[in-house]
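Colleague: Below, each chain spelled out in residue letters.
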Amino acid sequence: MINQKKNWKTTLQAYLYLLPMLLVLLVFCIYPIVQSFLMSIYTKYDFFTNKVGAIGWDNFRYLFADPDFYIALKNTLIFVFGVVPLTIVLSLIIALMLNKLRWFSSLFRTIYFLPFVTSTVAIAMVWNWIYHSNYGFLNYLLGLVGIQPINWLNDPHYAMWALIIMSVWKGLGFNIILFLVGLNNIDNRYYQAAAIDGANSWQQFLHITVPLLSPTTFLVTVNEIIVSFKVFDQVFALFQNSPGPSKACLTLVYYLYQKFYIENKYTIAAASGVILFLLILVVTLIQLSYSRRHVHY
Amino acid sequence: MNVTFEHVDLSYDDKKTILKDLNFTIPDGKLVSLLGPSGGGKTTTLNLISGLLHVTKGQIFFGSKEVTDQSALERKVGMVFQNYALYPHLSVLDNIAFPLKMQKVNKAKRYQIAKKYAHLVHVEDQLTKKPAALSGGQQQRVAIARALAKQPSLLLLDEPLSNLDARLRIEMRQEIKRIQQETGITTIFVTHDQDEALHISDYVMVLNDGRIQQFTQPQDLYDDPKNLFVAKFIGNPVINVLDAADLQASLQKYLPSNFYQQVKAVGVRAEAILPQPPIDCVGQIQAQIDKIEHFGSSVTANISYHQQRLVSTGIPANYQFGKQLVDLYFAKQGTYFFDNDGKRLEVKTHD
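First to last, the protein sequences are chains F and Y.
Sequential numbering of the first sequence, starting at 117, is according to the numbering used here.
Sequential numbering of the second sequence, starting at 40, is according to the numbering used here.
No wet-lab data here; the hints were simulated from the structure.
By construction, the Cβ of each residue, glycine as well, lies at the ideal position given by its N, Cα and C atoms.
One or more of the hints may lead you astray.
Sample of chain F residues facing chain Y (criterion: CB under 8 angstroms; computed from the structure) [unchecked claim]:
(1) ALA181
(2) GLY314
(3) ASN316
Generate the whole structure from the sequences, applying the supplied hints.
Modeller: Okay, structure coming up:
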């Protein structure tokens, strides 16, 4: 098949093979995306009969007049800028250490990967206990070094921190695995050449590991930013179906969820989805243009 | 700077011994080849010199300074890897300047030095390119320039030509010779190709099975092999090896009785098998000539003797032969006698 000439018949054949997956994608991804874009400009709309009365930009005007939307926007950005750098630095450090392990390395890999495959709800329950203001493990540890107990989940000043810490911890495993693959792909001869050329360990890390790992770092960053922009389940589970104390952890997707399922403002929810989409698109495009100059494939 | 190994052993995991009691001195300012079949210990020896590997037992000296426990970082040798190992993310200029950058030489100075070496190896018009955009030969030149840039006292080359095509290989080996002579740097060159080793080196060390088989000048390896392995490994066509049992009559006739009894194998170079008895004849067989092939300037005769095939280049192309057995003679120059362990025996003829 690979050596066949391309003609109408083989093209049709190829499309037939692609059809099942295309159908699934069209029904469950492409169609909803198009619908939500359209829905965001419906100003008079009956969700249940699917009747459109009028279209316009009113939904977006509503959003930009809604103080909650600004809170959600601000919280989401804080969350992204908190989680992404922390996750990348920590998972790179842990991956470097795991890469150096001679014994039990697969055991440790499994341990670090566990949070990623565990249900968010279960994780949130455990962290609920860890964060507990009176009996929590974290406050116990802080108490050992003489720090007053913090009411992590009920104090608006700390709730976002609690969310960020849990999310970083949960995301580590996956990113560590990606970094480990990237580290393994760097040929050992470059390190040998660098050692011969007089590079010490730190210089080898700086001049060999960092540049040659850049495709992986780029992949991890793009993925982590997108995942963080979409944060919802951690908030929902950690604060038990609330956006945190005095909306401290109200994120964009949580806002969307509230508008859609609780307030039944479907078109407003669709409009906020469009804003989130544009936000992620812009950030990803910026990253792509940066990568053209700084990522070495 | 000369390099000395004293009783060097290397083994992995305390079990598999790679090198056994290596003793040698590589003289200053010379080009020395480490030659041998794969798995013979050539690259291992080179890595011991570079400091990428460390000895299990024994000592290594650079000049009079012991470096046995020094790392590759401290030994400061220049090395060219088999697949070059150029840094893919750096330009040619930055690749060459990399060792200087590690020494914290300032930017202007290190680029100036890098350009000088780029000029020496003839890649001065490729400076801004990335390694992936260069041909194999150019990558090779850049790798040599990078190795030379920090002005090391030793240049190590690990099978540097094996990734190049045949024509380029001959060109690059001349280049390596030229660069070595221009810089006067002690150079150690690993190869499994005898042609390469014999053409460019001042000295050749033949390694097999973790031991030095012979360490001498190239022509001596051919004329004066110390053992059966070297005799078989060096030379094209491969030396004819005959079992002593097959040559009883001849040995008895030409060698003193106490000497021939020690002989277990006889090696005869192709050019030493002649149709007329030479002045210093050391052997004689009755054999059948099957075919004489004539290509260009080379004449090769295929000979059958006791179900064995021999090759001679000493029989002229116009030699008349039929199905009958003919007398063939071995010249002293090119005939070697080996004992039970494959060690060469000094020839003692009757006269």
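Colleague: Compare the structure with each hint and give your call.
Modeller: Verification of the hints:
Contact between F:ALA181 and chain Y, as hinted, is not supported at the beta carbon level, the nearest pair being about 49 angstroms apart and thus beyond 8 angstroms. The interface hint given for F:GLY314 is met, as the beta carbon of that residue sits about 4 angstroms from the closest beta carbon of chain Y, less than 8 angstroms. For F:ASN316, the interface hint holds, the least distance from its beta-carbon to any beta-carbon of chain Y being 6 angstroms, beneath 8 angstroms.
Hint 1 from the earlier list is the only one contradicted by this structure; the remaining hints agree with it.
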